[in-house]
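Asks: Here the protein sequences come in this chain order: A and B. The opening residue of the first sequence carries number 46 in our numbering; numbering runs sequentially from there. The opening residue of the second sequence carries number 631 in our numbering; numbering runs sequentially from there.
Derived from the structure by calculation, the hints contain no laboratory data. Computed from a predicted structure; not experimentally measured. A few of these clues could be false.
[What the hints assert, rightly or not] Example chain B residues on the side facing chain A (calculated, C-beta under 10 Å, incomplete):
(1) F653
(2) L750
(3) T757
(4) G780
(5) L796
(6) I807
[Said to hold, decoys possible] Cβ-to-Cβ under 8 Å is the rule here; a few derived chain A residues that face chain B:
(7) A96
(8) M98
(9) Y149
Even for Gly, the Cβ is constructed at its ideal location relative to N, Cα and C.
Listed below, chain by chain, are the residues.
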Amino acid sequence: MKLLKFLFVGILFGIVMTKSEAVSWFRIQEMFRFQSFHMYGIIGVAVVAGAIMHFLIKSGKMKNHFGETITFGDKPKTYVASILGGTIFGLGWALTGACPGPLYTLLGQGHWIILVVIGSALLGALVYGMLKPRLPH
Amino acid sequence: MIEFISQPWHWSISGLMIAFVMFLLIYLGQRFGVSSSFQAMCSIGGAGKIADYFNYDWKKHDWLLVFVAGAIIGGGIAVNFLGSPEPVQISSATIADLSELGIQTPRTLDEGLGFIPHDLFNFEMLTSLKGILLMVVGGFLVGFGTRYAGGCTSGHAISGLSNLQLPSLVAVIGFFIGGLLTTFVLLPLILS
């Protein structure tokens, strides 16, 4: 079953989100108050290690699991959407203390109240989809 | 071994592990980005009838829904079998700031893991404006904003920045504009 691999990667991700404490509302507050290096260290190391990985994959023309050469598409250059959407997400991130990955992880930890937050996020995505043709991108 | 993993992880280990998860997804032919799952779930729920944005073959995100199911299971495994011996240890400056806002940071495991502030995030709070703003409006902004920006912390801050994508840098600047506004302007108002 080809999808089963993603279940295992997801389980690893949930464990990493928990043990890194990136799921903590308190850690997110600490980050936005610039009172600890913890979250910056996590994201910084992930970005630097990821950048080296991207460079090695591109220069080595590495092949993926299916034997195809790995290529990376560029993010769409919709800068207005990036800054406005990013700011809206940031407002929510500091309120809920969780971005999407941690939301799912917290639910799995047994915090059922997070279902309310996830349901609200789905509603937010739904409203974005409805307004998309009228929003600047 | 279990005892070793059960300690809170140093940020450098955590960062490397996140990069490793991103590598695994790329190796398996996909890209690291969690918030697209919102689009897929709305699409499965029939939102394609209301908005074109959801009129796409959600099966291209089937792997992501399985990944998300894994993240839920992983969260359960981590707290039940790999739990830290003490709650999240945040800086004393943050503890003091939050205390001024009336939020107590757990100091023992009996008071909580330090993952969510239980006094604010519970079902009774849903009947108060404070609780609705934090959980419902907060969640709404996370869903709306990540889809508008085309990514969240995983897709933009980690995947995008590490692939040197300028739109991702702009989005991350937005994350901080919004986060700082909430932290220093909205939260004190909401919690006062």
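Asks: For each hint, tell me whether it holds in the structure or not.
Replies: Hints versus structure:
{"no.": "1", "hint": "F653", "in the structure": "holds (6 Å)"}
{"no.": "2", "hint": "L750", "in the structure": "holds (8 Å)"}
{"no.": "3", "hint": "T757", "in the structure": "violated (12 Å)"}
{"no.": "4", "hint": "G780", "in the structure": "holds (6 Å)"}
{"no.": "5", "hint": "L796", "in the structure": "holds (7 Å)"}
{"no.": "6", "hint": "I807", "in the structure": "holds (5 Å)"}
{"no.": "7", "hint": "A96", "in the structure": "holds (4 Å)"}
{"no.": "8", "hint": "M98", "in the structure": "holds (6 Å)"}
{"no.": "9", "hint": "Y149", "in the structure": "holds (4 Å)"}
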